[in-house]
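Peer 1: With numbering that gives the first Met the number 0, letter number 273 in the sequence shown gets 272, and the count goes up by one each step, no holes.
There could be a bad hint or two in this list.
[Said to hold, decoys possible] Label pairs and their computed distance ranges (CB to CB): (1) 46 with 76: 18 to 24 Å; (2) 271 with 90: 40 to 46 Å; (3) 60 with 284: 23 to 29 Å; (4) 274 with 58: 30 to 36 Å; (5) 186 with 255: 24 to 30 Å; (6) 206 with 272: 43 to 49 Å; (7) 74 with 107: 19 to 25 Å; (8) 58 with 275: 43 to 49 Å; (9) 75 with 107: 20 to 26 Å; (10) 206 with 261: 46 to 52 Å; (11) 46 with 125: 28 to 34 Å; (12) 193 with 55: 42 to 48 Å.
Hints listed in this document are in silico derivations from the structure and should not be mistaken for laboratory results.
Note that CB positions come from ideal geometry on N, CA and C, so glycine has one too.
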Amino acid sequence: MSDEQVDSASNPTKDEFDNEFTQSFIIDEKDQLAFRPPASRNYLGSVTRDTITELEISKTYLSARVAQVSYGTYTGRPAALIVLDFVFHSSDHRRQRFKDATIEIDFTQEGGFGRAGDANSTPVIPVSVAQFAPKLIYGEKKVEDVTWGLDLSVGANLVAGPVTLEMANSAVYRESKYSRDHKLVIEGSARGSGSNRVVWSIQERKHDGIPPQFTTALMVFHPKGLKFSARMNVKASIGFSLDPRRWKIFLPNDDLMYFHDEHPKGPGLEQKEFDKMDFREFYRESLGRVVLEKGGLSIL
Numbered sequence: 000m001s002d003e004q005v006d007s008a009s010n011p012t013k014d015e016f017d018n019e020f021t022q023s024f025i026i027d028e029k030d031q032l033a034f035r036p037p038a039s040r041n042y043l044g045s046v047t048r049d050t051i052t053e054l055e056i057s058k059t060y061l062s063a064r065v066a067q068v069s070y071g072t073y074t075g076r077p078a079a080l081i082v083l084d085f086v087f088h089s090s091d092h093r094r095q096r097f098k099d100a101t102i103e104i105d106f107t108q109e110g111g112f113g114r115a116g117d118a119n120s121t122p123v124i125p126v127s128v129a130q131f132a133p134k135l136i137y138g139e140k141k142v143e144d145v146t147w148g149l150d151l152s153v154g155a156n157l158v159a160g161p162v163t164l165e166m167a168n169s170a171v172y173r174e175s176k177y178s179r180d181h182k183l184v185i186e187g188s189a190r191g192s193g194s195n196r197v198v199w200s201i202q203e204r205k206h207d208g209i210p211p212q213f214t215t216a217l218m219v220f221h222p223k224g225l226k227f228s229a230r231m232n233v234k235a236s237i238g239f240s241l242d243p244r245r246w247k248i249f250l251p252n253d254d255l256m257y258f259h260d261e262h263p264k265g266p267g268l269e270q271k272e273f274d275k276m277d278f279r280e281f282y283r284e285s286l287g288r289v290v291l292e293k294g295g296l297s298i299l
């Protein structure tokens, strides 16, 4: 990061709400390495590691962690229940905040598919997303009253020979008032071939920033006894007074998560048949660990 960029972020001279703009900002590999956590906390290639990644720049902090992985069955097929926690924290919310974020997760089979009919084997099931949450969350509305006016003034001099006639100024003023709503919106959708990809978008309520903490939950079909992986990509926009930025926070070799049904993580579930549990209620309980926004939230 150049000195000029640091200065513009740490020494704003104007109100952020009057000088916002968005520009592309990408941290190259040599710079981002300085922000990676120690290898002991984020060992690449390990199964179900705690920290997916974390990054701290200009008094803002972003992290993604695996909170829980439980294994069982869903509709009679091997399935994994995965909970991920995200943190979007700004130490100086007035000067800089996370305006929006997009989280993308792609699941992939690792290590081959084996052969159906082999001894002690079961039919191979490609990795795919059975359920995910949230699908839609929106917060309380913030109403903004907007007034705009148009003022036109016209004056002219008319010259007729030696006589100059001055015409009176005429003025036209028109005013219009309207209201517009702003609210926190979080949307999720399953995509890709066989629904192996999930995308969430988070959009702030105007000037409030996105929630400092966010939790997602997924139920994934996977081949029994075989390792599978997930590749994650997070994009986030930071609103500064003078220098808002957008960056891709994961390095190409730092975003791969590995899972195996011999390595659960976090709180265990007594119910191994996921058909018999309420997935939506499970997500609400997971969400209870974090505070998304003051006031009411609607979870659909």
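Peer 1: Determine for every hint whether it applies to the structure shown.
Peer 2: Hint check results:
1. Under the hint 18 to 24 Å, the C-beta atoms of residue 46 and residue 76, about 21 Å apart, fit the expected range.
2. Between residue 271 and residue 90, the C-beta spacing of about 42 Å keeps the proposed range 40 to 46 Å intact.
3. At roughly 26 Å, the beta-carbon separation of residue 60 and residue 284 lies within the given 23 to 29 Å, and the hint holds.
4. At about 46 Å, the beta-carbon gap between residue 274 and residue 58 misses the expected band of 30 to 36 Å.
5. Between residue 186 and residue 255 the CB atoms are about 25 Å apart, so this pair conforms to the stated range of 24 to 30 Å.
6. With their beta carbons about 46 Å apart, residue 206 and residue 272 fall inside the hinted range of 43 to 49 Å.
7. Hint check: residue 74 to residue 107, Cβ distance near 22 Å, so the stated range 19 to 25 Å holds.
8. Roughly 46 Å separates the CB atoms of residue 58 and residue 275, a value that falls within the hinted 43 to 49 Å.
9. Restraint check, residue 75 to residue 107: a C-beta distance of roughly 23 Å satisfies the suggested window 20 to 26 Å.
10. The hint said 46 to 52 Å for the Cβ distance between residue 206 and residue 261, and at roughly 47 Å that hint holds.
11. Restraint check, residue 46 to residue 125: a C-beta distance of roughly 19 Å breaks the suggested window 28 to 34 Å.
12. Between residue 193 and residue 55 the CB atoms are about 36 Å apart, so this pair departs from the stated range of 42 to 48 Å.
Hints 4, 11 and 12 from the list above are not met by this structure, while the remaining hints are.
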